[in-house]
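Which chain is which? The protein sequence lines are S, X, P and F, in order.
Quick note on numbering: the first sequence equals residues 1 to 125 in the working numbering.
Quick note on numbering: the second sequence equals residues 1 to 125 in the working numbering.
Quick note on numbering: the third sequence equals residues 1 to 125 in the working numbering.
Quick note on numbering: the fourth sequence equals residues 1 to 125 in the working numbering.
Just so you know, these hints were derived from the structure itself, not from any lab.
Certain hints may be false.
Said to hold, decoys possible - The calculated lysine-lysine pairs, modelled on DSBU-like cross-linking and capped at a C-alpha distance of 30 Å, are:
no.	chain 1	residue 1	chain 2	residue 2
1	F	K108	F	K70
2	F	K29	P	K108
3	S	K78	P	K108
4	P	K108	X	K90
What the hints assert, rightly or not - Using C-beta positions, here's what the derived DEER-type ranges look like:
no.	chain 1	residue 1	chain 2	residue 2	range
5	P	N79	S	V92	38 to 48 Å
6	F	E84	X	Q27	26 to 36 Å
7	X	K70	S	Q59	21 to 31 Å
Since we're looking at a predicted model, the values are computed, not measured.
Positions of the beta carbon are idealized from the N, C-alpha and C atoms, including for glycine.
4 protein chains.
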Amino acid sequence: MTSDFNYQQIVKDQMVIPSLLLKRYHQLKLSETEVMVILHIHRFQMEGNTFPTPEEIAQFTSISPEDCTKILRQLIQKNILLIEQEEDEKQVLTECYSLEPLWVTIYKADYPASQANREADQQQA
Amino acid sequence: MTSDFNYQQIVKDQMVIPSLLLKRYHQLKLSETEVMVILHIHRFQMEGNTFPTPEEIAQFTSISPEDCTKILRQLIQKNILLIEQEEDEKQVLTECYSLEPLWVTIYKADYPASQANREADQQQA
Amino acid sequence: MTSDFNYQQIVKDQMVIPSLLLKRYHQLKLSETEVMVILHIHRFQMEGNTFPTPEEIAQFTSISPEDCTKILRQLIQKNILLIEQEEDEKQVLTECYSLEPLWVTIYKADYPASQANREADQQQA
Amino acid sequence: MTSDFNYQQIVKDQMVIPSLLLKRYHQLKLSETEVMVILHIHRFQMEGNTFPTPEEIAQFTSISPEDCTKILRQLIQKNILLIEQEEDEKQVLTECYSLEPLWVTIYKADYPASQANREADQQQA
Numbered sequence: 001m002t003s004d005f006n007y008q009q010i011v012k013d014q015m016v017i018p019s020l021l022l023k024r025y026h027q028l029k030l031s032e033t034e035v036m037v038i039l040h041i042h043r044f045q046m047e048g049n050t051f052p053t054p055e056e057i058a059q060f061t062s063i064s065p066e067d068c069t070k071i072l073r074q075l076i077q078k079n080i081l082l083i084e085q086e087e088d089e090k091q092v093l094t095e096c097y098s099l100e101p102l103w104v105t106i107y108k109a110d111y112p113a114s115q116a117n118r119e120a121d122q123q124q125a
Numbered sequence: 001m002t003s004d005f006n007y008q009q010i011v012k013d014q015m016v017i018p019s020l021l022l023k024r025y026h027q028l029k030l031s032e033t034e035v036m037v038i039l040h041i042h043r044f045q046m047e048g049n050t051f052p053t054p055e056e057i058a059q060f061t062s063i064s065p066e067d068c069t070k071i072l073r074q075l076i077q078k079n080i081l082l083i084e085q086e087e088d089e090k091q092v093l094t095e096c097y098s099l100e101p102l103w104v105t106i107y108k109a110d111y112p113a114s115q116a117n118r119e120a121d122q123q124q125a
Numbered sequence: 001m002t003s004d005f006n007y008q009q010i011v012k013d014q015m016v017i018p019s020l021l022l023k024r025y026h027q028l029k030l031s032e033t034e035v036m037v038i039l040h041i042h043r044f045q046m047e048g049n050t051f052p053t054p055e056e057i058a059q060f061t062s063i064s065p066e067d068c069t070k071i072l073r074q075l076i077q078k079n080i081l082l083i084e085q086e087e088d089e090k091q092v093l094t095e096c097y098s099l100e101p102l103w104v105t106i107y108k109a110d111y112p113a114s115q116a117n118r119e120a121d122q123q124q125a
Numbered sequence: 001m002t003s004d005f006n007y008q009q010i011v012k013d014q015m016v017i018p019s020l021l022l023k024r025y026h027q028l029k030l031s032e033t034e035v036m037v038i039l040h041i042h043r044f045q046m047e048g049n050t051f052p053t054p055e056e057i058a059q060f061t062s063i064s065p066e067d068c069t070k071i072l073r074q075l076i077q078k079n080i081l082l083i084e085q086e087e088d089e090k091q092v093l094t095e096c097y098s099l100e101p102l103w104v105t106i107y108k109a110d111y112p113a114s115q116a117n118r119e120a121d122q123q124q125a
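Hey, can you work out the whole structure from these sequences and the hints?
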């Protein structure tokens with residue numbers, strides 16, 4: 001292999017995101033900065049860090065750790081982000097982020113047949 | 001299939017993005033809004049629209065078409081985005097966006113062995 | 001751009017597949033050839049061809065169009081693949097493949113909480 | 001969240017593969033079983049296991065560990081797969097698989113401008 005180019009590096013670097021997040025965030029009243037924080041959380045999770053700190057997230061963005069903390073709080077209040085407890089291999093409870101509320105929102109809204117279910121969910125809530 | 005849920009919709013909705021874009025944009029002095037415009041261009045391209053208008057992009061964002069035009073111009077000046085000419089099936093020349101300069105920047109910088117090449121490139125520039 | 005290398009080509013070439021398909025197909029008693037036919041159908045769909053012919057699929061594989069027809073029939077009998085009718089833009093009914101039964105099978109089986117639902121589904125069927 | 005469905009599980013389960021692998025393997029005289037072994041190696045790598053054993057791979061396939069060993073040897077002889085040495089965090093040398101020769105083959109062949117380079121490579125070989 002005399003290539004001066006590393007194809008495998010590019011192939012392995014690709015990650016998957018829901019394209020509906022890009023199409024819907026503005027409708028959901030999320031700002032570009034909030035979406036970038038969401039994408040960083042998703043990326044950290046895919047890399048095995050399920051509870052990145054505001055400092056870890058902020059270092060990849062133009063915002064300060066303090067503003068990142070504020071955005072994380074907003075995302076929780078807007079019912080986009082959730083903090084869950086999970087058991088690790090040693091049965092120790094640890095906290096982790098879940099983006100489940102976001103995925104529910106963008107995918108349920110897209111699926112006409114589930115309209116009825118959504119209304120039912122909302123009445124239960 | 002009595003499922004009230006459409007798995008195929010979610011499977012088909014997933015799109016691929018370079019994770020290094022998320023890790024590097026701040027270093028490259030790109031703002032969150034600029035990255036979102038880049039991601040929208042990438043998404044439009046994957047969907048078959050290789051030259052989305054500022055209006056088409058802006059409708060999915062919190063920015064106006066005018067600000068979107070400004071950002072597109074900035075991305076070209078920063079050597080992130082390129083307008084190319086390509087021939088369609090009927091041999092008509094049409095314009096399309098290319099993100100090649102961005103991918104070159106993020107992947108060359110990441111590949112130690114190409115350090116020498118990069119320096120050579122820079123001397124040529 | 002004097003690069004002798006096209007990064008954008010690689011970035012745009014990447015496609016998304018459910019990793020559980022790779023982990024589960026043997027358990028589901030699917031052969032390697034059947035999975036490759038499934039992956040080809042999925043790829044054609046992502047490229048906009050929702051009802052590829054046995055000839056179109058077979059040309060990318062080591063099997064003949066006749067054997068491909070046989071495999072497609074088997075996949076339908078195994079409740080992995082479905083032929084659906086959909087309306088195109090001109091309200092004309094056309095046929096298309098759906099892999100929904102496959103995704104239901106691999107994802108429902110993976111989700112412990114839905115065990116009860118599955119049993120309920122089966123009783124209804 | 002009263003949803004009986006786990007969207008996040010599906011979102012997180014998606015993995016990326018080069019679509020040219022599906023389009024080219026038959027031309028490259030690879031069988032469906034060989035491609036599935038390649039996809040399993042790629043999946044293991046993305047999950048952090050860079051040197052899966054024949055047993056680990058075979059358990060997800062219809063082939064025996066012995067046949068898997070044979071296929072791995074064939075892939076190396078066909079210059080598709082490579083065993084590399086890499087240093088882990090503790091400076092210990094470990095072996096790992098690299099699919100770089102495969103990616104070079106499918107992507108260089110696709111890029112007309114690199115035709116010359118390929119011929120040069122072949123002469124050196």
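If you check the beta carbons of F/E84 and X/Q27, does the distance land in 26 to 36 Å?
With Cβ atoms ~28 Å apart, the hint holds.
Is it true that X/K70 and S/Q59 lie within 21 to 31 Å of each other by Cβ?
holds, 27 Å
For the pair we were handed, P/K108 and X/K90, check the Cα-Cα distance against 30 Å.
Between P/K108 and X/K90 the Cα gap is close to 47 Å, so the pair fails against 30 Å, i.e. violated.
Need the status of pair S/K78, P/K108: alpha-carbon distance at most 30 Å?
Judged against 30 Å, a Cα distance of about 29 Å means the pair holds.
Does F/K70 lie within 30 Å of F/K108 when you go C-alpha to C-alpha?
holds, 27 Å
P/N79 paired with S/V92, Cβ distance criterion 38 to 48 Å:
holds, 41 Å
Decide if the proposed pair is consistent with the structure: F/K29 and P/K108, CA atoms, cutoff 30 Å inclusive.
With Cα atoms ~36 Å apart, F/K29 and P/K108 exceed 30 Å; violated.
In this structure, the earlier hints numbered 2, 4 are contradicted, and the remaining ones agree with it.
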